[in-house]
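Numbered as in this note's numbering, the sequence shown ends at 116 without a single skipped number.
If you are wondering where the hints come from, they were derived from the structure by calculation, not from laboratory data.
Here the structure is a predicted model, which is why all the values come from computation and not from measurement.
Some hints could be false.
In the DSS-like style, the derived pairs of lysine-lysine whose C-alpha atoms are separated by at most 27 Å in a straight line are [as the list claims (entries may be wrong)]:
#: 1; residue 1: LYS57; residue 2: LYS15
#: 2; residue 1: LYS15; residue 2: LYS111
#: 3; residue 1: LYS113; residue 2: LYS96
#: 4; residue 1: LYS15; residue 2: LYS113
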Amino acid sequence: SVAIRREYNFSFIEKLSPDQIEVMNQIIDLNLEHERELIQLSFCESSLSPNEIGINKSAQHYSEDRGLFQINDYFHPEVSDECAFDIECSARWTNKMIEDGNGNQWTCWNKLKLFN
């Protein structure tokens, strides 16, 4: 079995697949300041799936939420698909958004009651 490289007591830990644990470990290996929030956010947004795509058909603008953190292509055109679907690039971008006080742009941020 795949071991998680840092101890966390998230309620979802015991249900993770080896692939999800590997994604979590890749986030941990980046040693980012908001690692805990990044793991929770990515589990809530995409179930730790870096290839996840969410289609927004009913929104004012057709858009796609991309990758681990479901980064919206309409509201964040500065984030390429390549970055959005890349674990390291998307985690670094999301970490910077959190550092800048913009974590609340994610529905899951508020659902999880994460604050910075």
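Right, here's what the structure says about each hint:
| no. | hint | result |
| --- | --- | --- |
| 1 | LYS57 to LYS15 | 31 Å, violated |
| 2 | LYS15 to LYS111 | 20 Å, holds |
| 3 | LYS113 to LYS96 | 19 Å, holds |
| 4 | LYS15 to LYS113 | 22 Å, holds |
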